[in-house]
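Now for the letters of each chain:
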Amino acid sequence: MRQEQEHAEEPIEPILPEIADPPVKVPLAIEDWLSVLIMAGLALITFANVIVRYMTDSSFAWTEEISVFLLIVLTMTAGATAFVRNQHIRIEAYADGGTAARRRALAIAVHLIVLLFFILLTVLSARMAYDDYSWGDTSPAIGIPNWWYTVWMPVLAAAITLRVAGILRRLLRSAA
Amino acid sequence: MIVTTLFVVFIALMVIGMPVGVALGVAGTLAIVLSNLDTQWFGLLAVPQNFYAGLAKYPLLAIPMFVLVGSIFDRSGVASRLVAFAISMVGRGPGMLPLVTIAVAMFLGGISGSGPACAAAVGAVMIGAMNRAGYPASFSASVVAAGAATDILIPPSIAFIVYSILVPQASVPALFAAGMVPGILAGIALIVPAVWMSRRHNMGQLERSLPRPPFWASLREAAWGLIAPVLILGGMRMGFFTPTEAAVVAVFYGLFVGMAVHRTIKFRDLFPILREAAELSAVIMLVVTLAGIFAWALSTLSVIDPITHAIVNSGLGEYGVLTLLIVLLMTLGMFLDGISIFLIFVPLLLPIANAYGWDPVWFGVLLTLKVALGQFTPPLAVNLMVSCRIARVPMESTVRWVVWLLVSMFLVLVLVIVFPELALWLPRYLGF
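In order, the protein sequence lines correspond to chains A and B. Throughout, the working numbering is defined as the position within the first sequence, counted from one, plus 240. Throughout, the working numbering is defined as the position within the second sequence, counted from one, plus 935.
Be a bit skeptical, because a hint or two may be false.
[As the list claims (entries may be wrong)] FRET-style restraints, in silico, Cβ to Cβ:
hint	chain 1	residue 1	chain 2	residue 2	range
1	A	Y294	B	E1356	32 to 42 Å
2	B	D1204	A	V266	42 to 52 Å
3	A	V266	B	A991	22 to 32 Å
Hints in this document: simulated from the structure, not taken from any laboratory. For each residue, glycine too, the CB sits at the ideal point set by N, CA and C.
Whenever a hint applies, use it, and build me the whole structure from the sequences.
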């Protein structure tokens, strides 16, 4: 308790102002919770692996396969919210300068192309998952069918597609 | 023809503000279609396959884990205690706070692996303190951004992890060891002009009157943070952990320190910490995997060999080509972030490096040094963006200070080119 008072004047790190989320219809909490749980899960799995390896001198090969799958899901779920929150790495110098009308036009053009790309990725990854299903490949470490993993690719790509579509809709509705 | 399309589309999309990763993916996809017009589905199935394969790599797990380490140590209260301890050692006086800032940023570099995260943690503590001591805010922002740039050189470093994924013959431990000496040299190269500028412009005159924290008490407070790099780097050195495992151990250690010792992290803070780390990792990994599509398209077009051949036989000589590469990368570094530069250019540059027989570890250190410089070269300087936001100054105001820091750190780059042993001695000595 005393220690807390001592550091009362210490700045809370980091002090960057929180940026409010854009007004979305479908709450971002869906992807956020998935991302947070996966992040925590990945840390716990890997930590458990270290401990088990030192206690028993053996390691679980199968956790690697699960971790890699979770990593893919994490990239897609947190990647989707990063689109909504405009966190992706981009060159802002030209796009975010100029008149409001130009900024809006560029943002619409950009999001239209991003939307088309993710629609394509959804369709193509669905096809890839279908191929995995019909050829019946199994995963190397656990030996479960490969499509159990790949089937989530089109689902998650579709989620990103919908998020980008939502951004585009908000852009088009905003005053020109 | 297709190659030109590939690059023109990519550059055009980036300029209009498309996320770099998606611009790479779109350009790559277009190139695949153009070169497979007569095959079924235009060869497009390579797109999801490369996307999936680009992410399905176990070593990539190190990225989210080291990002998480950074997010946790940012809030663990370690930075402010390290600052107090550093001040108790060097004392008070003009130029001492900039020195402490850079030293603490370097030390935090031994815990976290990304520049902007380090700039946020150090900036939160130091910019206010330097303002109170009479340093101009634009100077403080410059020093914080430059100091935090040493972070990606001093191990652990996310930049080295990405490089190692692209260049498997350069192992992560070897790169980590190779970054140590150049990273410390870069830090020293920043301290000298920072202290000199504060003396010369009579900044920080109020600093002498501020109290000096007691040595032993600050040491005891800072001990938890001081142990962290020993745990991470020592654990890897002794072969206890792989880099990923070291990161996870650091995550739980940081949580213990933040939640139980310094009590700066509450249970409800865990959600935003994990969310922020997840989003930041996803941003990096999405670029990694979409750049994979671009690189794959490039490799099937078989243009890299002729380009390499042309460059190697251009008569510029080894150092001429190296100079040209550095000038090219410095220019690009003003507009693009480091990880994207790695992902786009390492596949192109590696054949050139191989042709000249450059050591891949040394080459990785060179590229990372250059990226570190880019992190505080305006206009696109990720570290400066963070520190300027904390200091509430426009980025233009920092130019007059940042220039000298850039020149000084550039000399380290030249040193590493002239004496490759600066990078290569430690990994060889440690036997990586």
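These are the hints, each one checked on the structure:
About 36 Å separates the C-beta atoms of Y294(A) and E1356(B), a value consistent with the hinted range of 32 to 42 Å. In this structure the hint that D1204(B) and V266(A) lie 42 to 52 Å apart at CB is violated, the actual value being about 26 Å. Look at V266(A) against A991(B): about 28 Å separates their beta carbons, and that is inside 22 to 32 Å.
Hint compliance for this structure: hint 2 is the single one not met.
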